[in-house]
Amino acid sequence: MDEYPEELRTPPVALVSLVGCPDHHPTISAHLHSQQPPINVLALPDFSKVPVVLAKKVKDSVGGDPPGGILKRDWLLKHRTKVPSLVAALFSSLDVSGDPAQWLQVCSDLENLKAAIRPRNVKLVVVVVLQSASADDINEDRMIALRKRAEVDLKYLLIYTPDDASELKQSLERLGSAFSELASTYYREEGRRIRTKVEKKSFSYPELHIRYCFKVAIYAEFQRDWIEALRFYEEAYRILREIIGTSTRLPPIQRLVEIKSVAEYLQFKISTLLLHGGKVGEAVQWFYQHNVAYKRVVGAPEAPYLHWEWMSRQFLVFAELLETSSATTQSISSLASSGADRTLTEWEFRPAYYYQLAATYLKKKQSSLDISLSMSENAAETDSSVDSVVPSSYVGQFAQSLEQGDELSMQPLTDEDYIQYTLVEGKRFQDSYEIIALLKKSYESYCNLKAQRMGSICGLKMAKEYFSLNDYTNAKPHFEGIVTLYRREGWVTLLWEVLGYLRECSRKLGAGKSFIEYSLEMAALPVPPGINITFLGLMESGPSGPPCLQQKECIHKEVLYLIGKDSGDGSSVEESTNLRLTEENPLHLEIDPVSPLRTVLLASVAFHEQMIKPGASTFVTLSLLSQLPLSVEIDQIDLQFNQTDCNFTIINEERSSSTTTTYAAEQNQRTETASSLMLTANRWLRLTYDIKSEQSGKLECALVVVKLGPHFTILCRAESPASMDDLPLWKFEDRVETYPTKDPSLALTGQKATQVEEPEPQVDLTLGAMGPALVGESFMVPVTVSAKGHSVYSGELKINLVDVKGGGLFSPRETEASSLDSHHVELLGIAGAEWEDESQSGSDGNINRIQHSFALVSVPSIKNGETWSCKLEIKWHRPKPIMLFVSLGYSSQENESASQIIHIHKSLQIEGKTAVTINHRVMLPFRRDPLLLSRVKPSNEADQLISLPFRESNVLIVSARNCTEVPLQVESLSIETDVDSGSASTSCCIKPGTGTGSPGPALLVAGEELKKVFTVVPEVDSSPLSLGTVCLRWRRDSGSHDLSTCTIITTKQRLPDVNVEVSPLILSLECPPYAVLGDPFTYFVKIQNKTPLLQEVKFSLADSQSFVMSGSHNGTISVLPRSDHILSYKLVPLSSGTQQLPKFALTSVRYSAGFQPSAAASTIFVFPSKPHFKGANDGEKQLETVAAI
Amino acid sequence: MIVCVAVVGHQNNPLYIQSFTEADDALKLHHVVHCSLDVVDERVNNPKKSGPMLNETYLGLLYPTENYKVYGYLTNTKVKFILVTTDLDVKDADVRNFFRRFHAAYVDAVSNPFHVPGKKITSRTFAERVSTIVKAFGLSSAG
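Chains X and Y, in that order, give the protein sequences. Just so you know, this note's numbering puts 707 at position 707 of the first sequence, and the rest follows in order with no gaps. Just so you know, this note's numbering puts 57 at position 57 of the second sequence, and the rest follows in order with no gaps.
Just chain X, with the same shape it has in the complex (with noise of 0.2 Å):
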């Protein structure tokens, strides 16, 4: 686009001409430049260079002669810059109001010009200067006689103030806007002048009609009407179209360019019209018209690289503009449904698809013109007669222009001098570096839009530009950047192609690895059998010729003969002989699982085992896979292992130098031979030896390293045939697949890696613990080390208790609540070794670090047969059960870096039960009922606290359940007062009861209950009223001996809370403990008033078949206050056994309070005659006590 001339590049702007007073044109030029549209400046300083400039040439005849071409070249240029649309006579002031000779010389400058202009019909405009001495008086029949003599309407008459800031912008604006009116009618003028001739048809030849719908056009773009200017243009290039097989003006070539040349004017102005308007649819739509239509006019076979280029400048521009439009950044999608006739597919709308073609019709240029180079050799001798060709008056044609004396004569040129001149000019320019520049561009913008594909072929393209300049530096990184690509979705032909240029590049630039690698991928690649023969003969397909096997083969062998396997014939190699490999430059290529070069060597091994014990043997197998065309002999193959010790080389017999195997026998490394080592296409080569670790842990086949040739190594990394990927390209081809092993289980199976167990240890470890623990006791768990062929040196013990149910042993809630108490299970500590020196074993001894439920503890020494233990002290918390895993590491020699770590697991699951349940029972006394009002109400609350009466003793009955298989010693029983509660003291008296409690420790057998009776009275009327806690201190009864070993542990366990209720009326049934048949006795109810207030009660008595009685039945009675009423019976029992008394029943009407004593506090035993107790004292005393209570 940068070689057009300016004025075709940017938009035509207007033309005028400045005359006279010359001070003030810069000011104005200023102004009118900055205008929206601008206007541009031809400043003249005095009048005498008008008639110079619009001096106008004689023109041809209309009629009578063709016209010299179709479009003068700088027509446009003299309309620019030359030729203004309007003259502004300046004058000054004082000119035009001055002395009559002023005056005359006005007028004679203003006669001259108006002559001067009217034959261009260039218009005029007269301003006058008003100059600041004659500021006041203008004449003004000098101003009527001006404009009368210059013929110009009254609005063109304009006076310029420049003295006064504001007077001088308002005239500069009137001047702009008269001038701009002026040039767009002068405009507007020319073009219907044109027009009308294109209109009328008076034109002999249609290069006039093009020449003309050319002015029009670019006279409707002078007045900004761009869609006039299109039209023309368009028109101008359809008539262009038509005379390209009628014209025989010029001799065929020339003709030929002279009209391209216009057409590619044309084209730019069309396309820069529509980009410009926004319609990049429509532009990519005429572009396409543009090149179907001249793709094919190839014109003279002399000269088809003129076309090739032409094409390549179309293509180029309108990438170009397409790229500076600032419409394209609209979503192309949207744009590529919009085509009109023909979908418009979305790389058309990018400038990347442009400099792609345009740099293939550059590189088809260059290779037309390489060919013509060659046929005219004798060029050189023509060129003295080529200097002188210089471009024509008209666009696209060339002449010869001829010293005649003084003056330059054109003289037209013949076609052969014409080619001969592109010759000498084709040569002079680097077509490649263009090329690789446009394609370089292109490869960016592919990229950027991330079609990789694309940018690919723009990057071959352009490596193969540098390839064919020898810059093999520069072309080897492009094409390394493709073959990626290629690989990676098995493209074969084109990556057969890259890979043969690439190994090219490696040969020129003597890098004899990157060749050998190159080289060998080509000879593995996967050929379609199919193309041989599609393929034969092709230039195209790279410097390696075609994909096929025969290449193939060859490829190898070249390869081959480089490492020294093949002694070769040498004749394809000879240009690479240098790179040669000797024993200073040896050879050593790796592969590892994501090489392309995996296709060359594939290594696989498989343990047959996973898991191995140390010292046994197991077995191997290494199985290689070449996709080479030809048959490989290995020399040697070394294993390597991460453990060294099992490393081993298989050499091949047949090859087999001395110098290998003393080698190995000098390493003192484990030697096979095997019989061959013959690596075919695409078969398995399977070798099975048995390999032996002493060592424990992992062995893992690292390395194969495989020895071609006296100089060439692969170190290959070994693959496991079960996580084995396929093999990259191959994995397409329909070809055999066969297993790695010959155990199909294996090659799926198989890993590259096994397992080599432990030595088995020597040592028992036992744990010892009885039965399940008790919550809240040091549970202790005995472990025993004892060494059984072993000595243990440097053991370590790992305990670790792990919750059964899962989860963890504590839980964060009561952590917060309480620290101490925040494990369920403890591991407390650990009770060191008996049998060790008390001055050796410190506090710091032998645990090294105990944490709640895990702990370290290092083992001393232990010699063969000798034992050492240690007890676990465990401490629950919570009844759970949990598992207990003590794991021993030691070494079994005493120096242990070079000894291995043996393990011994143990595990134990121990319950943790609670040992005893605590129930407590308040009772209220016998045969005495307070009433209790809050009994009365009746309340739904299910954990309503019990109520006891005020000042009462009430009965409170302690049990204790052993509830484990484990027979306990209980040591105490009490209840001790809550400290925390400062009143406790006297708020309630708590007195064990008498008799029951047992003083001595007691034995509770599994299941059995313990209780005890305390009298509880409360002191305060205050509720709630705290209890106390249940203090039951036992042991775990171990028998009768070693009482001390089993400590103490005491269970507590928090009464709940007691209401303490005033009684305001207490009901007590009295009568004796038993009666005699046929003896009478009383039966007293004693009603108790502890109010202030007299209480109205209502009784009755039912009768008893049992008992023959006296007393009112019924009856109502009032109480006095803080006073006693007794009812009193006489009751005579009629039959004799347990009776029942009969039944009181009392109403309190102040309360609406019924009262019944219960059944068993009303019934007495009824003797048949009076007993005879033996140590009656004691027994009535006993008997009497529990009545009374």
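Hints may be right or wrong, so weigh each one.
Unchecked claim - For each label pair, taking beta carbons as the anchor points, the in silico distance ranges come out as: (1) X:E480 with Y:T77: 29 to 37 Å; (2) X:L373 with Y:T57: 45 to 53 Å; (3) Y:T57 with X:S204: 55 to 63 Å; (4) Y:K78 with X:N668: 26 to 34 Å; (5) X:A702 with Y:G118: 28 to 36 Å; (6) Y:T77 with X:M611: 42 to 50 Å; (7) X:M611 with Y:G118: 33 to 41 Å; (8) X:N668 with Y:N112: 53 to 61 Å; (9) X:T196 with Y:A136: 33 to 41 Å; (10) Y:T77 with X:Q550: 32 to 40 Å; (11) X:A702 with Y:T77: 37 to 45 Å; (12) Y:N112 with X:I901: 56 to 64 Å.
I should point out that these hints are in silico values taken from the structure, not numbers from a laboratory. Where a beta carbon is used, it is the ideal one built from N, C-alpha and C, also for glycine.
Since chain X is already given, all that's left is putting chain Y on it; use the hints.
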């Protein structure tokens, strides 16, 4: 005239590619087919909003190169068919029809129990059938 047809697999690897030209530009055609995959990717990743392209296997004209036009077709199993032709004026219906027949041939070829999915199509019957279809395309467009 159809100069090249290709079947391209999931990993954009060629499963079948056959050119039908006398001239020695097979490699160039391979490049053309390979590049057209970019357009297929673009079409698949940015489907047009408007209706007709939705769920359409026929992708239409992929791109014109200097001498060829490339058409594409995407099966439900994401296997791509590419057609390269030198004809400047091709009827859409013809191409659609071609792809339909080509698809049928492909389905028959991969339904062969001895064919391993994902591998290249080496069936001779398929090749013959394809060349018949290719020839028929030339005839129908001429007539």
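Hint-by-hint comparison with the structure:
In this structure the hint that E480 of chain X and T77 of chain Y lie 29 to 37 Å apart at CB holds, the actual value being about 34 Å. A hinted range of 45 to 53 Å for the beta carbons of L373 of chain X and T57 of chain Y is consistent with their spacing of about 50 Å. A C-beta distance of roughly 59 Å is found between T57 of chain Y and S204 of chain X, which places it inside the suggested range of 55 to 63 Å. Checked against the hint of 26 to 34 Å, the C-beta distance between K78 of chain Y and N668 of chain X comes to roughly 58 Å, which is inconsistent with it.
The hint said 28 to 36 Å for the Cβ distance between A702 of chain X and G118 of chain Y, and at roughly 32 Å that hint holds. In this structure, T77 of chain Y and M611 of chain X meet the distance hint of 42 to 50 Å, their C-beta atoms being roughly 43 Å apart. A C-beta distance of roughly 36 Å is found between M611 of chain X and G118 of chain Y, which places it inside the suggested range of 33 to 41 Å. A hinted range of 53 to 61 Å for the beta carbons of N668 of chain X and N112 of chain Y is consistent with their spacing of about 58 Å.
One distance hint, 33 to 41 Å for the beta-carbon pair T196 of chain X and A136 of chain Y, is violated here, with the actual separation near 58 Å. The supplied range of 32 to 40 Å is met by T77 of chain Y and Q550 of chain X, whose beta-carbon atoms lie about 37 Å from each other. The hint said 37 to 45 Å for the Cβ distance between A702 of chain X and T77 of chain Y, and at roughly 41 Å that hint holds. With their beta carbons about 60 Å apart, N112 of chain Y and I901 of chain X fall inside the hinted range of 56 to 64 Å.
Going through the hint list in order, the structure does not satisfy hints 4 and 9.
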